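Peer 1: Please construct the entire structure, taking both the sequences and the accompanying hints into account.
Chains as they are written, first to last, in our numbering: chain S, 48 to 298; chain A, 187 to 287.
Rather than coming from a laboratory, the hints here were simulated on the basis of the structure.
Every clue listed holds true.
Per the computed footprint, the stretches of chain A lying under chain S, defined by three or more beta-carbons under 8 Å from a beta-carbon of chain S, are:
| no. | stretch |
| --- | --- |
| 1 | 206-215 |
| 2 | 233-243 |
| 3 | 246-255 |
| 4 | 262-276 |
Take a look, some chain S residues computed to stay more than 12 Å from chain A by CB distance:
| no. | residue |
| --- | --- |
| 5 | Phe59 |
| 6 | Leu72 |
| 7 | Gly84 |
| 8 | Gly99 |
| 9 | Pro119 |
| 10 | Glu250 |
| 11 | Asp281 |
| 12 | Ser282 |
| 13 | Arg293 |
Model, not experiment: these values are computed from the prediction.
Quick reminder that beta carbons are idealized off the backbone N, C-alpha and C, glycines included.
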Amino acid sequence: MARRTPSPRTRFTALRGLAIDDERLARCAAWLGLPPGCGQPNDTGNGRKRPGSTLALLDGPQGAEDSAAWLPPVAAWIEPKTDSDAQPLLAAQTERAGAVDLYINLTTETANDLHLAGRVLTALAARHPLPPDRREDLELALHEAISNALVHGNLEVAGMKELSAAELERFSRDLVRQMANPALAQRRLEVAVTLEPSALAVEVADEGGGFQPTRTDCHGASGRGLDLIATVADSVELRDGGRRIRMRFSL
Amino acid sequence: MEYASEQRDREDTIRLRGRLTFNDHAKLRALIGEMKLNKGQRQILDLSSLEFVDSAGIGMLLIAREEIVATDKTLVLRGAVGQVKRVLTVAQIGKLIPIED
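Peer 2: So, in structure tokens, the structure goes:
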């Protein structure tokens, strides 16, 4: 039977471990058929750069806190699972990464520790010149989408509805409690970026319960995030019951 | 986000530095508590060294305003620049909290 093999946007030719155990890195490398690296750029040793992109594997935020970890040739950052289904999941994530230009799949805890939106902008700015104001606006839009996915999606913490110190205290307490719950802190956040000559498409997805935006969302201290995104983006679309937001920006 | 306070005449000025986001919930709770106890009639948040604010940060500033007004004092946002100034403008925060250059 003929098998459809779409030509990928990004072709991975090397793996880089960011503070991930050597043994796990070697196992992942064997699964994916990629040569494992230890954090150095794609240097073949004879002064020539290997063509293609690098897939970085994380185990927590360590090693990804250095901005060099977010520069080309790295085009995907994945925190592999340790469960029995780790291999098919990593293969599926790597295939999704190949279909876009930048791809990130991390746990909620790691994404939050890394202040992910700023990292995505580091990766983007290395590929497309961005004036400082535009870079800040894009970072805000991505930060709002990512924090919605982390806080309200994966951690299931309700926004601050009332303008009171008691409501801030409730938000603060819920956020700390939910982040300490491994079942929620290990939920995944996925960011997929497609860079076109004069536009940028970004999808942010979570594993929470989804949501339906309503007109009354903008009362109180929460609910301004989507409005802020809309002022920066050319279009905003919610999919998968609110678990996935797709934004398009002109560059 | 980090902050430092300075008292002069009938004003307390609190300078915020860094990034104000949803992760700063504990610091904002402490800051609001301090401002409620401060003596000055005007509680001024100096934002000139704040580099980034998100929608939750804006929400926490609105909560600060409610709490300060409840103690018969005024909250003022001063000196915002760059991204912070743009977000305050887009979210029309000037309608709710006095903003000074």
